[in-house]
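Line by line, the protein sequences give chains A and B. For the first sequence, position 160 matches number 160 in full-length UniProt numbering, and the numbering has no gaps at all. For the second sequence, position 34 matches number 34 in full-length UniProt numbering, and the numbering has no gaps at all.
Keep in mind the hints are simulated off the structure, nothing from the lab. Glycine residues also receive a C-beta, built at the ideal position from the N, C-alpha and C atoms. Heads up, some of the hints might be wrong.
Said to hold, decoys possible - So the derived label-pair ranges between C-beta atoms look like this:
| id | chain 1 | residue 1 | chain 2 | residue 2 | range |
| --- | --- | --- | --- | --- | --- |
| 1 | A | 229 | B | 28 | 48 to 56 Å |
| 2 | A | 159 | B | 66 | 52 to 60 Å |
| 3 | A | 35 | B | 130 | 17 to 25 Å |
Stated by the list, open to error - Just a sample of chain B residues kept apart from chain A, beta carbon distances all over 10 Å, derived:
| id | residue |
| --- | --- |
| 4 | 61 |
| 5 | 95 |
| 6 | 97 |
| 7 | 130 |
| 8 | 144 |
Said to hold, decoys possible - Calculated lysine to aspartate or glutamate pairs in the EDC-like style (CA-CA distance at most 20 Å, straight line):
| id | chain 1 | residue 1 | chain 2 | residue 2 |
| --- | --- | --- | --- | --- |
| 9 | A | 67 | A | 169 |
| 10 | A | 95 | A | 190 |
| 11 | B | 30 | A | 229 |
| 12 | B | 30 | A | 219 |
| 13 | B | 30 | B | 53 |
| 14 | A | 96 | A | 178 |
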Amino acid sequence: MSRTARANKRNPVTARRGPSLNAVLTGVVVLVAVLVIGGVLVLDRSGGAGGASSGTLVPPDAHTLSKAEGDQVTLVEFLDFQCPACASYYTGVTKKLEQDYRGRITFVTRNFPLEGHPLAVPAARAAEAAGKQGKYAEMYHALYDNFDTWATDGRSTSADTARATAKFEEFATAAGLDLERFRADSASAEVQAVIDRDVADGTALGVDSTPTFFLDGEEFSAGGSTIADAERELRARIDAALAG
Amino acid sequence: MNRALAWLLVLGGGAGLAAAGALTLEKIAKLRDPAYVPTCSLNPVVSCGSVMDSAQAEAFGFPNPLLGIAGFAVVVTTGVAVLAGFEPPRWYRVALNAGTAFGVVFVHWLIAAGLYDIHALCPYCVVVWVVTIPLFWYSTLDTWPGLAALRRVHSAVLVLWYAVIAGLVLHAFWDYWTSLL
Chain A
1 MSRTARANKR NPVTARRGPS LNAVLTGVVV LVAVLVIGGV LVLDRSGGAG GASSGTLVPP
61 DAHTLSKAEG DQVTLVEFLD FQCPACASYY TGVTKKLEQD YRGRITFVTR NFPLEGHPLA
121 VPAARAAEAA GKQGKYAEMY HALYDNFDTW ATDGRSTSAD TARATAKFEE FATAAGLDLE
181 RFRADSASAE VQAVIDRDVA DGTALGVDST PTFFLDGEEF SAGGSTIADA ERELRARIDA
241 ALAG
Chain B
1 MNRALAWLLV LGGGAGLAAA GALTLEKIAK LRDPAYVPTC SLNPVVSCGS VMDSAQAEAF
61 GFPNPLLGIA GFAVVVTTGV AVLAGFEPPR WYRVALNAGT AFGVVFVHWL IAAGLYDIHA
121 LCPYCVVVWV VTIPLFWYST LDTWPGLAAL RRVHSAVLVL WYAVIAGLVL HAFWDYWTSL
181 L
């Protein structure tokens with residue numbers, strides 16, 4: 001403050017002397033940079049509804065199966081509803097984690113339907129449509145709990161859209177959803193946009209297979225080869241994160 | 001060459017040397033065990049693993065930090081020699097400026113690669129960016145008498161330079177920074 005005031009009062013001839021001009025200009029550049037960067041960050045944050053502020057990992061409208069106060073430990077899973085490995089992880093790992101750590105960790109699921117799974121996108125649409133009526137978790141559980149009834153034909157990946165759609169509507173009815181609204185939301189561009197955003201975020205984060213987990217932003221790759229090993233390791237990491 | 005520049009050479013060159021050395025050690029650890037996760041890989045954005053695995057990390061057919069170890073060692077040595085009384089002749093200062101000019105061009109190519117191609121920030125690399133710019137800038141001002149006008153606003157130019165790069169980094173990883181808030 002005082003430096004600027006002095007510089008302003010100075011005779012223009014002497015003001016051209018090196019150090020003061022340099023110091024003033026340096027100060028101005030720093031000040032402008034801090035104001036612009038800080039201002040843009042703050043403005044962007046307060047205008048959060050625009051979506052530009054959404055985190056790549058956890059957007060503001062992300063689906064949380066478990067929510068912890070202050071999001072101290074956050075587990076994010078990129079999943080494909082028709083991927084057999086995801087279904088195995090659901091049964092062997094995430095369903096248990098969701099129960100055991102309920103309220104202690106924030107568990108977020110993101111869509112990452114893979115090509116080669118023709119019913120993955122319809123299933124993701126069903127889950128998102130259920131989410132629009134506040135029943136995302138119910139649909140998520142129904143899809144994986146009844147994986148064999150819609151996702152597979154015997155051992156191979158099913159492409160039977162009619163059968164799957166009928167099943168999804170059955171799950172929706174069981175969850176107490178307004179079926180007309182569920183159908184409309186499932187077909188809506190808005191729901192597809194959410195799925196596309198999830199896929200884009202996953203791609204940006206380097207996700208190329210499912211399930212892919214991020215624990216507090218760090219990609220978790222199971223060291224062990226079996227589901228049981230993966231569960232043990234993920235629990236150990238979560239426990240360490242909770243303790244730390 | 002004045003003592004302030006000599007100290008810049010010692011400290012800036014020393015920081016660059018340490019960063020290049022650390023990157024080389026990480027590279028060796030990674031060669032020994034491909035599954036090794038470098039100590040500087042903290043999350044998808046702040047990561048040197050993805051940077052070290054990129055094609056740009058071996059721009060001349062060998063790992064870039066080897067260039068850093070050789071180059072920054074010369075910079076530190078020059079600084080120490082000047083502090084010990086060495087008066088570098090003009091040809092020496094021109095050569096030093098040519099070396100730092102190569103460094104600064106290379107660093108900006110790497111910044112562009114990191115921000116727009118690899119999409120990751122490697123902390124040790126950022127240290128090299130931060131020191132290479134003033135090493136080039138002040139070596140240039142010291143070498144060319146015709147730049148007297150710029151010498152009067154030397155730190156303003158440096159800070160502006162940093163601010164532009166900080167802005168580009170902020171913009172390129174916008175989602176990451178806002179997720180931290």
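How the hints compare with the structure:
1. A:229 to B:28: 48 to 56 Å: violated, 29 Å
2. A:159 to B:66: 52 to 60 Å: holds, 53 Å
3. A:35 to B:130: 17 to 25 Å: holds, 22 Å
4. 61: holds, 26 Å
5. 95: holds, 27 Å
6. 97: Correct as stated: the minimum Cβ-Cβ distance to chain A is 21 Å, above 10 Å.
7. 130: Label holds. Min Cβ-Cβ 15 Å, cutoff 10 Å.
8. 144: Given that every Cβ of chain A is farther than 10 Å from that of residue 144 of chain B, nearest at about 17 Å, it holds.
9. A:67 to A:169: violated, 27 Å
10. A:95 to A:190: With Cα atoms ~28 Å apart, residue 95 of chain A and residue 190 of chain A exceed 20 Å; violated.
11. B:30 to A:229: Given pair residue 30 of chain B, residue 229 of chain A is violated - Cα atoms ~24 Å apart, limit 20 Å.
12. B:30 to A:219: This hinted pair holds, its Cα atoms lying about 18 Å apart.
13. B:30 to B:53: holds, 10 Å
14. A:96 to A:178: Violated, at about 29 Å.
Of the hints listed earlier, those the structure fails to meet are numbers 1, 9, 10, 11 and 14, in rising order.
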